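Asker: In case you want the letters, here they are:
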Amino acid sequence: MTKSKAAFLFASRTLGKDNRLFMWTFTFKDLLSVKDTRKKWNYLLTLLLRAWPMLQGLRVFELHEEHGLHVHLVTNSFIDVNRARVLAEKAGWGRIHVKRIPAERVSYLAKYLSKERVECLKRWRLWAAFGAGWNPTKVKDVISDSVFSRIYRACKEWQAWTGKGRFFERMALVRMLLIKTIEEGWEIGFGPCGKPYWMCCDEELEWRHCDFEAPF
Amino acid sequence: MTRDELLQHILRGRLLLVGEFRGAHAESAGYVDQRTGEAVSYVRAIYLVECACRGILDRAIIRQKRLGVEEPEQVKFPYEKGKLYAFFLEGFKLERGHFSGWIGDRGPEPIETGEEVDGAPSGAPPPLNLVSSQTTPQSV
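Here the protein sequences line up with chains A and B, keeping their order.
Position 214 of the first sequence, counting from 1, maps to 214 under my numbering, and the rest follow consecutively.
For my numbering, count along the second sequence from 1 and bump the result up by 1000.
Keep in mind that the hints were calculated from the coordinates and are not lab data.
Careful: at least some of the hints might be erroneous.
As the list claims (entries may be wrong) - Keeping only pairs whose Cα atoms sit at most 35 Å apart, straight-line, the calculated DSBU-like set for lysine-lysine is:
| no. | chain 1 | residue 1 | chain 2 | residue 2 |
| --- | --- | --- | --- | --- |
| 1 | B | Lys1083 | B | Lys1093 |
| 2 | A | Lys3 | B | Lys1065 |
| 3 | B | Lys1065 | A | Lys29 |
| 4 | A | Lys138 | B | Lys1065 |
| 5 | B | Lys1093 | A | Lys138 |
| 6 | B | Lys1093 | A | Lys156 |
The model shown is predicted, which means the values in this text are computed figures rather than measured ones.
Next up, chain B with everything else stripped away, as it sits in the complex (with noise of 0.2 Å):
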């Protein structure tokens, strides 16, 4: 998905995340009745996520529910460490400090990164809430 792709989402009003993908694991969830031993289990992946969605660097947990896959070994995460990826939230909760979203069938998509995320055209005035050290003295 290219920055433009990713803007016109936004713009539509899709609910994102876009954040550095850590690593996955997908996992058998479910639960399992004491008394007579049956299970409603499905198999779910987990991604973490590291992105600033509370202005703090911070890992995210997104859940995804694979429908049609028996065995949690069948998942495949074909993604990059380090690399980001929005992810198209169907719902997520922000509880005590920690994001966990949830997302449909549509799994992680990668983002194309032609020049740098943090990258200012040259001759550009710094942001705002940050500090030059050359203009504000030190100590005095």
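Pulled out of the complex, with its shape left as it was, chain A reads as follows (with noise of 0.2 Å):
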């Protein structure tokens, strides 16, 4: 699971805090260019949010392997589908198909999240909250916990690394102490006989500072 994607249940579960939430699907009749989609979603999110100024959701793009890209909505109020269908077509949209869903099973659309992104969506935010008078949780708002990143938050404070710099380096550092970590049956985050790392010497923790990054 990816920090966005842990992101998305997260604030999917506050959108579903009193259980009663709406799954919409947008697709057009034609086949567009994932720009193109992009723009009529825009438009067509403006033109809801104009009608319901109190709607709040979650919207997750899916580019689906024959039928292009597509938009997953979910609401947590109703809205007549009608009227929306009509805005829909205003914003140059197809179909719309809407369903209730149980709270529990918005984690559906997580599922789009787990596929491998496509050279065309780089660096695009494929869920995106709306709408105002609600906290969605942001991916900067969570924090990953496993045995990885405790070691790595160990070392940051070891090495008292700050900003960005020499990302492959550490993250080298970081799995070579997860190896031995596992291999010598270490405390996780410490050296041999519960050290801190800080009070290990090189040695003991096999460690060499190296100036390279592995070019592949």
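Grab the two chains, each in its own frame, and use the hints to assemble them into the complex.
Answerer: Here it is in structure tokens:
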């Protein structure tokens, strides 16, 4: 699971607190380019928010293998589907499908976030929250908890890492310590005999500072 | 698993990695929402395998999500350090020289080693990539 997907799940839990969710799917009659679809989605969202200013929800882009990019939407309030259809037609959209879902089923949409990101969607926000009056979880609010991340945090403190410099060198060090931790049965985030990393000598950690990064 | 069975899997096109088991660890991995304190977590096993998948002997890390397991302590690793195991991979990535793979429900399977891995029948010619010190002069 990625951090983005976890943030989406947290945001969807917030959205579905009163257990009343509606899942919408917006598609096109014709196959459109990804950029055109995004433009049309922005226009449709503007129209929807004008018609229902209190509308809150989450949208997910899905690039279908045959039907191109389409949009899934989860909202927590009922809106008139006929009126929404008129707005969708005005914004150039084709079919609309809406279904009431229990809050726990919202994770269904998260499966689209698990797909491998295709080249044309690089740097895109695959999901986004919209609507005023609620505070959805953002990716920056989410912290990862794993053996790797705990070792990373211990290393960050030990090496006084700031910023994002020498990223791959950092990763190599953390990976090496992860391997040593598992192989030697060390406590997570500590060196041999439970010593903090800063108390260990390089020989104990079998770590040598390296000035180059692996090219591949 | 015998060597023949292993070969059958390879010939069927199964993606698998064979390596020496070096250690394992079960962790409770997941994400925490700093604002609400909510968490999504799952138990994951990490296997450390020594193999030469990039031509040089190196450690590979293989992860396995353990569905239905609530606590990392419940995960048992009945594997022997130093023994060869086959890992049926669901996927892998090779990033900057580091191999990371992940497996599904099927755990590591020991490979029965009836004979030495590098053993060759007596009288067989040496592999082509080896240079014999008997035929190559060390100094002129």
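Asker: Could you run down the list of hints and mark each one as holding or not?
Answerer: Status of the hints after comparison with the structure:
The suggested pairing of Lys1083 (chain B) with Lys1093 (chain B) holds, with an alpha-carbon distance near 24 Å, which does not exceed 35 Å. For a cut-off of 35 Å, the pair hint linking Lys3 (chain A) to Lys1065 (chain B) stands: about 17 Å separates their Cα positions. The straight-line distance between the Cα atoms of Lys1065 (chain B) and Lys29 (chain A) is roughly 40 Å, outside the 35 Å bound, and the hint therefore fails. A distance of roughly 25 Å separates the Cα atoms of Lys138 (chain A) and Lys1065 (chain B); the hinted pair therefore holds under the 35 Å criterion.
A C-alpha spacing of about 27 Å is found between Lys1093 (chain B) and Lys138 (chain A), which places the hinted pair at or below 35 Å, so the restraint holds. At most 35 Å may separate the alpha-carbon atoms for a hinted pair to count; Lys1093 (chain B) and Lys156 (chain A) meet this at roughly 25 Å.
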